[in-house]
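Asks: For the record, the sequence lines run as chains L and H. One point on numbering: in our numbering, the residue at position 18 of the first sequence is 606, and numbering is uninterrupted. One point on numbering: in our numbering, the residue at position 17 of the second sequence is 419, and numbering is uninterrupted.
Treat the hints with care, as some may be off.
As the list claims (entries may be wrong) - Computed beta-carbon distance windows for the label pairs:
| # | chain 1 | residue 1 | chain 2 | residue 2 | range |
| --- | --- | --- | --- | --- | --- |
| 1 | H | I488 | L | S823 | 36 to 42 Å |
| 2 | H | N438 | L | K733 | 46 to 52 Å |
| 3 | H | I488 | L | C791 | 29 to 35 Å |
| 4 | H | N438 | L | F822 | 42 to 48 Å |
| 5 | H | K472 | L | M589 | 42 to 48 Å |
| 6 | H | S439 | L | N618 | 53 to 59 Å |
| 7 | L | F822 | H | V422 | 35 to 41 Å |
| 8 | L | E704 | H | I488 | 44 to 50 Å |
Claimed, not checked - Using 27 Å as the maximum straight-line C-alpha spacing, the simulated DSSO-like pairs for lysine-lysine come out as follows:
| # | chain 1 | residue 1 | chain 2 | residue 2 |
| --- | --- | --- | --- | --- |
| 9 | H | K478 | L | K615 |
| 10 | L | K606 | H | K464 |
| 11 | H | K484 | H | K472 |
| 12 | H | K484 | L | K799 |
| 13 | H | K478 | H | K464 |
| 14 | L | K826 | L | K756 |
| 15 | H | K486 | L | K614 |
| 16 | H | K472 | L | K615 |
| 17 | H | K421 | L | K614 |
| 18 | L | K850 | L | K646 |
Since the hints were derived computationally from the structure, they do not count as laboratory data. It should be emphasised that the depicted structure is a prediction, and the values quoted were computed from it without experimental measurement. Backbone N, C-alpha and C define an ideal beta-carbon position, used for all residues, glycine too.
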Amino acid sequence: MDFTQEQIERYSRQIVLKEIGGIGQKKLLNSTVTVIGCGGLGSPVLYYLAAAGIGNLKLIDFDKVDLSNLHRQILHFTTDINKNKTQSAQEKLSLLNPDVNLEVVNDMISPTNIKEIFQGSNFVIDGSDNIPTKMLINDACISLKIPFSIAGVIRFNGQIMSVVPKEKTTCYRCVFGDIVEHESSMSCSQAGVIGLIPGIIGCIQANEAIKNILNIGDLITNRMLFLDLLKYRFSFIKLVRNEKCLACGDDAVDLVSTHDYKIGDACFE
Amino acid sequence: MRVLSENIDVIQKLDIRGKVCPMTFVYTKLKLEEMNSGEILEVTLDFPAALKNVPANCERQKLGALLEVKSLETEKESWLLKIKKI
Chain L
589 MDFTQEQIER YSRQIVLKEI GGIGQKKLLN STVTVIGCGG LGSPVLYYLA AAGIGNLKLI
649 DFDKVDLSNL HRQILHFTTD INKNKTQSAQ EKLSLLNPDV NLEVVNDMIS PTNIKEIFQG
709 SNFVIDGSDN IPTKMLINDA CISLKIPFSI AGVIRFNGQI MSVVPKEKTT CYRCVFGDIV
769 EHESSMSCSQ AGVIGLIPGI IGCIQANEAI KNILNIGDLI TNRMLFLDLL KYRFSFIKLV
829 RNEKCLACGD DAVDLVSTHD YKIGDACFE
Chain H
403 MRVLSENIDV IQKLDIRGKV CPMTFVYTKL KLEEMNSGEI LEVTLDFPAA LKNVPANCER
463 QKLGALLEVK SLETEKESWL LKIKKI
């Protein structure tokens, strides 16, 4: 594949980078990234991945744009209220970079459709707003051996970790497996969230995808990054893999087809 | 910088007259990436700042080493850079 003059101009500042060049840019253009959620995290993720020239983006969301979303979900405008988020996102992203092939899934991911949707992805990004969905994404990606990034935001805080199944890095279930089965979590709608925190965390998730595709730098694996934007505390917490983890451990089972994730039981916004 | 290079065969040519920085380096880089180590690229350009920028970036990114700069007797001042792929 040769670059067009327009592509050389569009991606020139990335091609200049030692770590990317024309070779890396072609890798990006030939890659597929799946993003779950076109909301607070999904907006910056999709925006920067489309801009960077990730050739194929899969957008997944079942929700419609609500006025209360707009302070953080920067892909959506006031005129998009009540529109499907995937449609609103697709409209903006195709204007931003017509180079990118956008595939839209206007549905909730579930144990029955997740593997088919994720199949063929080079990287998966979780931009969902509830832990059961994050756990399902974790289990499906490990089963399919697709690297992925999981993040969460609330109030002025954000957290992010990546998992590379082929390298057997610590997974989300290793860390939170025991907690989430028993306790309910608080959502952004009840606790509140400052609009820019998913912006910052989402940008880091997009960076994780780009770096993993290009095989450059270090990912946030075997550790979790915590951001506290009130106190400006940025910290890494070391994570240890659970050898008995049901998703990635030595005796892992096919959770996606057997486990009751209770998706939908969680209190959505 | 001027190095004698009488016996080196020219393998690739790139005419980027009219291009300014950083596109001068972008086009040079894209060409060098396709070449094999030891091959020579002749770049014709007319943007004065590129005379320093292009070789400096090529060397910094270990893409190519400048062998020779020649001033060309064209209507608009232009130059020919000989760069060896690293």
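Asks: Taking the beta carbons of N438 of chain H and K733 of chain L, is their distance inside 46 to 52 Å?
Replies: With a Cβ separation near 34 Å, N438 of chain H and K733 of chain L fall outside 46 to 52 Å, so the hint is violated.
Asks: Between K484 of chain H and K472 of chain H, is the straight-line Cα distance small enough, at 27 Å or below?
Replies: Judged against 27 Å, a Cα distance of about 8 Å means the pair holds.
Asks: For a C-alpha distance cap of 27 Å, please report whether K486 of chain H and K614 of chain L respect it.
Replies: Holds: K486 of chain H and K614 of chain L sit about 24 Å apart, inside 27 Å.
Asks: Is the hinted pair K826 of chain L and K756 of chain L satisfied, with a Cα-Cα distance of at most 27 Å?
Replies: 15 Å, holds
Asks: Is the hinted pair K850 of chain L and K646 of chain L satisfied, with a Cα-Cα distance of at most 27 Å?
Replies: Holds - the C-alpha atoms of K646 of chain L and K850 of chain L are around 24 Å apart, at most 27 Å.
Asks: For the pair we were handed, K478 of chain H and K464 of chain H, check the Cα-Cα distance against 27 Å.
Replies: Between K478 of chain H and K464 of chain H the Cα gap is close to 31 Å, so the pair fails against 27 Å, i.e. violated.
Asks: Go ahead and decide if the range 35 to 41 Å is satisfied by the Cβ distance of F822 of chain L to V422 of chain H.
Replies: 39 Å, holds
Asks: Between K484 of chain H and K799 of chain L, is the straight-line Cα distance small enough, at 27 Å or below?
Replies: 33 Å, violated
Asks: Using the beta carbons of N438 of chain H and F822 of chain L, state whether their distance is inside 42 to 48 Å or not.
Replies: 44 Å, holds
Asks: Between S439 of chain H and N618 of chain L, does the C-beta distance stay in 53 to 59 Å?
Replies: 25 Å, violated
Asks: Taking the beta carbons of E704 of chain L and I488 of chain H, is their distance inside 44 to 50 Å?
Replies: Between E704 of chain L and I488 of chain H, where Cβ atoms are some 46 Å apart, the hint holds.
Asks: For K472 of chain H and M589 of chain L, compare the CB-CB distance with the range 42 to 48 Å and indicate the outcome.
Replies: 34 Å Cβ-Cβ, so the 42 to 48 Å window is violated.
The structure fails hints 2, 5, 6, 9, 12, 13, 16 (numbered hints given earlier, in ascending order).
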